[in-house]
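Colleague: Residues per chain, in single letters:
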Amino acid sequence: DQQVKQNSPSLSVQEGRISILNCDYTNSMFDYFLWYKKYPAEGPTFLISISSIKDKNEDGRFTVFLNKSAKHLSLHIVPSQPGDSAVYFCAASAYQAGTALIFGKGTTLSVSS
Amino acid sequence: ETGVTQSPTHLIKTRGQQVTLRCSSQSGHNTVSWYQQALGQGPQFIFQYYREEENGRGNFPPRFSGLQFPNYSSELNVNALELDDSALYLCASSLAIHRAFEETQYFGPGTRLLVL
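The listed protein sequences correspond, in order, to chains A and B.
Position 26, counted from 1, in the first sequence is what the numbering used here calls 35; the numbers after and before it change by one each time, with no gaps.
Position 63, counted from 1, in the second sequence is what the numbering used here calls 91; the numbers after and before it change by one each time, with no gaps.
Honestly, the hints are just simulated from the structure, not real lab data.
A hint or two may mislead.
According to the in silico footprint, chain B covers these stretches of chain A (three or more CB under 8 Å from chain B) [stated by the list, open to error]:
id	segment
1	22-29
2	33-45
3	86-92
Here are some, though not all, of the chain B residues that point toward chain A, as calculated from beta-carbon distances under 8 Å [what the hints assert, rightly or not]:
id	residue
4	Gly68
5	Pro71
6	Phe73
7	Gln76
8	Gly86
9	Asn87
10	Phe88
11	Glu131
12	Tyr134
13	Gly136
Ideal Cβ positions, reconstructed from N, Cα and C, are used throughout, including at glycine.
All chains, full assembly: derive it from the sequences and hints.
Modeller: Here it is as structure tokens:
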């Protein structure tokens, strides 16, 4: 039973356009959400996070939106660059249950120039 | 770069053998978590160590065990290896102050284990 779902295995975007990566979750106890980026042969790199008390968090070209009622979050990358091409993982944690991160299966983003 | 290092980078073992993977945490981080990432999947939580004690465990059998040392380096041990144990093993470090755990974890590059 997957608690964190990334339903799009892949996404292709042109350089300069917006990339939108989506993530859904089922566990209402989750109170912290993170996005990681992973290149081949490297570990996941932390990108941006959001607490459940917020609905938006921005960091440069990256913005994460959280819709708690829909149990949905999204990562917006504007403008997309070829170097953004990687696998993006959504992760969630429920502090009351410890600090294990629960990951989705990932979305492979390809940005073409 | 996170400052989290892992060794070895690659490892080949045969079924039934035992393996030890090592992790060195980011400077100042006192909490380490281990994850298994199978091909095409997201990382799955194995367990977490804080102050040399296990602080939480995922759905993995007891043949997966760990250690954390006073210098915050850690080991993941897997006994009686099975073919399905073939995966990328990731460690992640984070900071806890008086058991208030920081949610963001910083990952190492991983150890790729192949069991034949």
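Colleague: For each hint, tell me whether it holds in the structure or not.
Modeller: Here's how the hints hold up against the structure:
no., hint, verdict
1, 22-29, "violated (count 0)"
2, 33-45, "holds (count 3)"
3, 86-92, "violated (count 0)"
4, Gly68, "holds (7 Å)"
5, Pro71, "holds (5 Å)"
6, Phe73, "holds (4 Å)"
7, Gln76, "holds (6 Å)"
8, Gly86, "holds (6 Å)"
9, Asn87, "violated (10 Å)"
10, Phe88, "violated (11 Å)"
11, Glu131, "holds (4 Å)"
12, Tyr134, "holds (6 Å)"
13, Gly136, "holds (5 Å)"
Violated hints, listed in ascending order, are 1, 3, 9 and 10; each of the other numbered hints is respected by the structure.
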